[in-house]
Amino acid sequence: MKRFDDQVGTGHLLAFISREDPKDNFSFFFPITGFNDLDRLYRVIEGFQSYHENIGSLGRYQFQGLAVNDIGRVIDVLPEIDEKRLCRLDLSQFIDERGNFVSEIGEIVVGWFSRSENLGLPAMRTGSIATGQSFFDRDTERELIWKNVTAGKNILLQSPRRYGKTSLLKNIQQTPLAGWMSCYVDVQDSKSVSDFLEMLVGELMMSEDCASCMPAGLAKKEPWKAKTYERSELKRKERQLIKKGWREYGSNLFTGMFQSKKKLLLIFDEFSYMLEEILGSSADDHEVDEFMAWFADIRSNAKNICFILSGSEHLETFLRRHSIDGKIDDLTPVPLVLFDDKTALSLMFLLFIREGIAVEKKELDDVLRLIGEPIPYFLQVFVDLLASECRRREELTIQDIENLYYAQLLGADGKRHFESIEQQLDRYGHYTNKGKEAATRVLSSLSWTTREEVSKEDLKNLWSAHGGNPSAFDDIFDLMKDDFYINVDSQDRVAMNSKLIRDWWVKYAKE
Amino acid sequence: MDLSPEIVQFIKEELGCPYNTLGTYERYFIPKLQFHSALCTATIAAVNKILNPLIKRHSDRFFCRIDATHTIKSSASIIDKIIRSRLEAEKKKQKGESYQAWGLDNFVQEMADLARFRIVCNFLTDVYEVAECIRRIETIIKFFEEFDFKDGIRQHRRISGERSVKIILRQRNPPRLFLEIQIMTQLQEAWDKKDHYLVYEKRRSSSKSDEDNFPNYLDAKMSAMADLLYIADDYFDQLREETEEVHDK
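Sequence lines, in order, name chains A and B. The first sequence: position 54 = 54 (the working numbering), numbered continuously. The second sequence: position 21 = 21 (the working numbering), numbered continuously.
Quick caveat, the hints were computed from the structure, so don't treat them as lab data. Keep in mind that the hints are not guaranteed to be accurate.
Claimed, not checked - Calculated pairs, DSSO-like style, for lysine-lysine (alpha carbon to alpha carbon, straight line, at most 30 Å):
| no. | chain 1 | residue 1 | chain 2 | residue 2 |
| --- | --- | --- | --- | --- |
| 1 | B | K193 | A | K23 |
| 2 | A | K84 | B | K95 |
| 3 | A | K23 | B | K49 |
| 4 | B | K221 | A | K23 |
| 5 | A | K481 | A | K342 |
| 6 | A | K84 | B | K32 |
| 7 | A | K2 | B | K194 |
| 8 | B | K221 | B | K73 |
| 9 | A | K23 | B | K194 |
| 10 | A | K23 | B | K73 |
| 11 | A | K460 | A | K481 |
Make the full structure from the sequences, and use the hints.
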């Protein structure tokens with residue numbers, strides 16, 4: 001991979017211009033330095049032309065090549081060109097070692113830019129919620145969720161950590177279907193049902209759209225217009241009301257919502273984590289039981305409201321572990337799966353382009369080979385690392401990529417990205433005596449072995465041999481599956497799916 | 001763009017489905033000209049390499065710029081040219097002379113001005129300096145043969161036309177496409193833009209003969225304007241030499 005040479009302004013513009021509305025256009029600029037580039041340019045033109053002829057959805061566009069003397073002044077010469085959908089590329093990205101057009105890469109850029117809503121390229125977002133231009137793909141999940149919601153169903157969205165649940169939920173909140181309003185509440189820090197209700201009211205207060213869904217007295221004060229400190233004061237007053245009795249407050253709140261003529265989508269993120277927190281903090285052993293029964297009742301009475309509950313770990317597992325009848329039969333499970341390789345390839349390619357890096361298909365394949373399963377968070381972390389190193393060094397070889405993976409991503413510089421591993425292990429320690437130590441042994445063992453070599457029973461024996469309580473193994477194992485991307489096949493053989501996590505354990509495994 | 005009845009007829013009769021309508025005929029031509037366009041890009045890049053040092057050397061004034069706005073001949077102009085070449089062939093045939101007309105089967109390889117770009121210079125002498133530099137660019141010599149060199153400034157033959165230098169190149173290897181580089185002064189470029197609107201487009205969109213469409217005396221006036229601007233260019237060159245002499249003293 002190499003840094004784009006921004007100094008070269010002369011080149012070839014391959015433009016897809018709508019026949020109906022020329023303002024609807026997207027184009028790719030290839031810097032050209034002379035006749036030595038011509039053969040490759042011919043191949044690229046042929047590749048795109050053939051793609052244009054064979055993909056029906058591109059029929060509305062005229063495909064045209066244009067010589068450009070100075071791309072910086074392209075608008076002066078071709079005023080109809082949409083600069084937001086103009087992408088600088090490099091011939092090397094589209095031609096393989098045998099001189100053939102790399103159609104997968106052609107598909108990626110055409111697929112991305114032919115969608116008129118895609119202005120510019122997806123932005124890098126490492127470690128925080130991907131919103132706006134950082135949000136990528138997930139069309140299938142979005143469609144499935146809205147299909148269920150519009151059919152009046154409540155959703156249980158589940159996936160392992162770092163898959164991008166929160167980003168998807170935020171996206172759903174920010175781009176609701178027509179006729180729907182939505183409210184996103186991150187309930188992770190709720191340590192009681194009162195906290196839960198306070199957070200819900202706090203979020204409703206932020207939007208005028210939700211005025212009809214908040215207590216009438218509160219709506220009159222127009223909290224969405226208030227300054228932050230004024231809103232805090234309003235929240236404090238609501239908290240006092242909630243403290244007098246969450247059940248009564250909550251029931252009144254939802255009764256008010258039921259009377260609203262608007263359709264509301266309520267999204268509760270990290271729901272299972274909240275239940276765990278309440279269980280750990282509450283003096284009342286039955287608070288979760290009572291809450292879940294009450295909440296199920298609310299959901300069953302809600303005609304104009306749909307709910308999405310989400311969590312990293314499986315809610316059913318949590319409830320079963322604590323012998324709680326959660327009454328969650330009404331929830332339709334929607335899994336959030338990993339990006340497939342094609343989607344991961346697209347994301348990486350477009351991110352690199354945005355970062356000003358020309359990357360080739362074989363290099364992207366190598367990145368995927370190194371990290372294994374494309375967990376969105378780690379994918380972006382690695383792309384970010386490679387892009388910044390490539391900008392610094394101008395160029396990176398395949399060997400450089402591999403070195404950066406082992407020395408930096410898995411090295412001291414990358415430590416912060418794996419801090420959650422220690423946190424999860426501590427959590428296991430809180431569940432059961434010696435849970436941390438025994439889980440560490442189990443995970444270390446898994447990192448060294450292949451699927452054929454280890455069964456769940458073997459791991460249970462290992463767990464017990466290192467002081468773990470045999471009766472707690474199944475529960476902890478369920479947690480580990482989501483936290484460490486562990487997969488059990490039909491024959492009960494176990495493997496750690498993420499090569500990256502496996503490599504991390506191999507490097508830092510505590511024997 | 002208005003199309004003459006002859007062009008419309010050509011589109012309907014000679015272009016097969018689905019290109020035989022006014023809405024779709026360009027789809028026939030555009031893919032056939034992709035390589036011409038690429039050839040222009042590569043040649044511009046090669047020329048830029050030699051022009052940039054020249055521009056730097058003349059950094060105290062405007063020297064030249066590349067105009068790549070109309071690098072590919074429009075589909076309508078190509079049809080127009082095919083029609084005219086057929087008429088010409090007919091005339092020659094009547095005189096017993098042979099003449100190879102262009103057609104849909106050979107225009108890609110044989111039309112010399114499908115791909116072109118323009119270099120606009122400040123002074124007349126700059127035009128020749130640029131032209132000579134281009135003719136000496138090694139990569140261009142290696143890649144193209146010089147098919148023709150037309151000095152339309154000093155050896156002006158056209159009744160009505162801008163005065164420019166045209167270098168017509170042809171690829172040495174298949175597909176042996178042509179490329180034309182036009183080099184002219186800013187004043188002649190201005191004339192050309194006016195001529196395009198006043199004469200060229202009107203002639204092409206009309207079925208009348210040239211004389212009916214654009215009377216001779218108007219042609220003469222346009223030609224006089226080109227000559228006037230040439231004199232102005234020539235005079236500016238003299239002024240430049242004089243001011244430089246004064247300055248050098």
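Evaluation of the provided hints:
1. B:K193 x A:K23: holds, 26 Å
2. A:K84 x B:K95: violated, 59 Å
3. A:K23 x B:K49: violated, 33 Å
4. B:K221 x A:K23: Not OK: K221 of chain B and K23 of chain A at ~40 Å, beyond 30 Å, violated.
5. A:K481 x A:K342: Distance ~25 Å between K481 of chain A and K342 of chain A Cα, so the pair holds.
6. A:K84 x B:K32: Holds. K84 of chain A to K32 of chain B sits at ~28 Å (cutoff 30 Å).
7. A:K2 x B:K194: violated, 46 Å
8. B:K221 x B:K73: Given pair K221 of chain B, K73 of chain B holds - Cα atoms ~27 Å apart, limit 30 Å.
9. A:K23 x B:K194: holds, 28 Å
10. A:K23 x B:K73: With a Cα-Cα distance of about 23 Å, the restraint between K23 of chain A and K73 of chain B holds, given a limit of 30 Å.
11. A:K460 x A:K481: holds, 14 Å
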